[in-house]
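Enquirer: Protein chains in written order, with my numbering: chain A, 1 to 285; chain B, 1001 to 1315.
The hints are simulated quantities; they were obtained by calculation from the structure and are not laboratory data.
Cβ atoms here follow ideal geometry from the backbone N, Cα and C, with glycine treated the same way.
Honestly, I wouldn't trust all of these hints.
Covered by chain B, according to a simulated footprint, are these stretches of chain A (three or more residues, beta-carbon under 8 Å) [said to hold, decoys possible]: (1) 65–79; (2) 96–105; (3) 121–133; (4) 148–154; (5) 240–253; (6) 259–268.
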Amino acid sequence: MKASLFAKRGNPAGGNLFHYLLLLAVSVVMMTPFVWMVSTSLKQPADVFVFPPQLIPSPIRWANYAEVLETIPFHLFYGNSVYIALLVTVGTVLFSSMAGYSFARIPFWGRSLVFLMLLSTMMIPNEVIAIPMFLFMRELGWINTHLPLIILPIFGAGGVFGVFVMRQFFLGIPKELEEAAMIDGCSRLRIYSTIMLPLAKPAIATLIIFTFLTSWNDFFDPLIFINDRKLMTLPLGLSLFTDESGTSWHLLMSASVMATLPLLIVFFFAQKQFVEGVSMTGLKE
Amino acid sequence: MTTLETIKSEGPGRPFRRKARKTRSLNRGDHLAGWLFVLPMVLGFVLLLLVPLMMALYMSFTDWPLLGEAKLIGFENYRTIAGDAEFWRVLGNTLYFAAGLVPLNIILALLLAIPLSKNIRGAGFFRTLIFIPVMTSLVVWSIVWKYMFATDSGFINQLLRMIGITGPAWLYDTRLAMPVVIVTSLLKNVGLNMVLFIAALQQVPAQLYEAARIDGAGRMRIFFRITVPMITPTIFLTLMMTIIGSLKVFGQIYVMTQGGPSGSTKVLVYNIWERAFKLFEFGYASALAYVLFIITLLLTLAQWQMRKRWVLNES
Chain A
1 MKASLFAKRG
11 NPAGGNLFHY
21 LLLLAVSVVM
31 MTPFVWMVST
41 SLKQPADVFV
51 FPPQLIPSPI
61 RWANYAEVLE
71 TIPFHLFYGN
81 SVYIALLVTV
91 GTVLFSSMAG
101 YSFARIPFWG
111 RSLVFLMLLS
121 TMMIPNEVIA
131 IPMFLFMREL
141 GWINTHLPLI
151 ILPIFGAGGV
161 FGVFVMRQFF
171 LGIPKELEEA
181 AMIDGCSRLR
191 IYSTIMLPLA
201 KPAIATLIIF
211 TFLTSWNDFF
221 DPLIFINDRK
231 LMTLPLGLSL
241 FTDESGTSWH
251 LLMSASVMAT
261 LPLLIVFFFA
271 QKQFVEGVSM
281 TGLKE
Chain B
1001 MTTLETIKSE
1011 GPGRPFRRKA
1021 RKTRSLNRGD
1031 HLAGWLFVLP
1041 MVLGFVLLLL
1051 VPLMMALYMS
1061 FTDWPLLGEA
1071 KLIGFENYRT
1081 IAGDAEFWRV
1091 LGNTLYFAAG
1101 LVPLNIILAL
1111 LLAIPLSKNI
1121 RGAGFFRTLI
1131 FIPVMTSLVV
1141 WSIVWKYMFA
1151 TDSGFINQLL
1161 RMIGITGPAW
1171 LYDTRLAMPV
1181 VIVTSLLKNV
1191 GLNMVLFIAA
1201 LQQVPAQLYE
1211 AARIDGAGRM
1221 RIFFRITVPM
1231 ITPTIFLTLM
1241 MTIIGSLKVF
1251 GQIYVMTQGG
1261 PSGSTKVLVY
1271 NIWERAFKLF
1281 EFGYASALAY
1291 VLFIITLLLT
1301 LAQWQMRKRW
1311 VLNES
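Chain A with its partners taken away, still in its complex shape (with noise of 0.2 Å):
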């Protein structure tokens, strides 16, 4: 597939010197915070200030990142967020795709004004409710819990956003397939997990990857729902190190690395899926 695009399109010779000053310059500014974050992480304090700066800093100090891990409970931050952010995924594909596949495929009494009134939401701003949702919240006695980080994005904006994603994929299935289980007696719940589900691979893969994402960065929310520093998700944890360790920049650093680094390798093992996935979404809509 890459070949013949390649082959096709060729590589025309004129403005290419642009493209590439364009896409280096741009690269080059991208990459810049994340070397000069490796750099500083691994400094002594007094060399943070050190002019002219140092790439490589001499010596090396490891010990930065056990520092940080002394100093706030970053196991504990880290072990939140993933958490939150898989059990969010779980929900959102699961109760993305059950509703999807309904409005796709099944012809019940209601259908388009229910799937209408679930679209024109999905432009809300989750901060237009922050407020009585964290009165209501307090009457549940959630505040400082997980429970509302995980339970408002599997029904809110990313919840319907995932309900237009999967509709528009099961949409794009030929209907024999479910006809034929169909005369075979077969139930719509056994259609949904047996046929439908396993087709829809990558439009799940696609609405993990914005679920995961969209979880894991998350702030406004954690920042109102928790105070309990060992509740606390990365995001939250971080900014709260910020306010603490005020120019300690060093072990800010280290932190940053630690709180990026895992999701990039992910990232970098999984990137044809990431990318693909999220181009999906735009061609979709």
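With chain A fixed as given, assemble chain B onto it according to the hints.
Expert: Same frame as chain A, now just chain B:
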């Protein structure tokens, strides 16, 4: 069902009416099954979105302190907002951020996507690099850039010092703080729109370009007469997502400037958060939140209208 009917019934305004009527008699159990499948989502939607949305509207008409009784005060909050210099400043800052970020984001994303969509040598490599910030946590990204722009030890000012320039105190300068936030937000998110544009550009049939070239059309003409019209749906999608995203900007402001210096980067969501969860003025903050809601609503409606007129080849 004929192809034409399928297209019609699945067009934007009326998703399935026709299809539903045709198959309704097939299976009566479907009504129940259909509802059971959507039930969790619909229940969640009503309880966790619709009800709070109504509740927020109600709260915006009250004086609602953290403890003690809520009091209905009619349009008082909205009147206060309209007369509040801080609100207009915050709204202005939000629009400044959006007006700075959105065009830069769309143009840069398109400029990057054009070569990368052609599978030039190294396309995969550049695409990955430029997409990495999208994958990075916004809080981490903002912390690192806050450090990059730090006055003494920051990379930018160290770089300037090497060529003999004393750099300014970027994030502590009322004129410079917002541009810094805009540029770092641009770098964070441009990769997402770029990837969407790459996908759209690769869908444009190559024959169109060939035909135009045979007819002797120049580069610019081809771009504006073929490329742009062919990818208008994607341009609209990215435009809307970027505009609404920029109206909700919060994380980078919280981390990098806390709304300062002297309020020069205080944006709408930051103001809502501050009023609601620092000062506990729930009524007033709800009215502010509703202003945000109405702005997004108007934008969405405007988008639907414009789409009808401008977007080509929507199937």
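Enquirer: Each of the hints needs a verdict: does it hold here or not?
Expert: Against the structure, the hints come out as follows:
{"no.": "1", "hint": "65–79", "in the structure": "violated (count 0)"}
{"no.": "2", "hint": "96–105", "in the structure": "holds (count 6)"}
{"no.": "3", "hint": "121–133", "in the structure": "holds (count 11)"}
{"no.": "4", "hint": "148–154", "in the structure": "holds (count 3)"}
{"no.": "5", "hint": "240–253", "in the structure": "holds (count 5)"}
{"no.": "6", "hint": "259–268", "in the structure": "holds (count 6)"}
Of the numbered hints listed earlier, the single one contradicted by the structure is hint 1.
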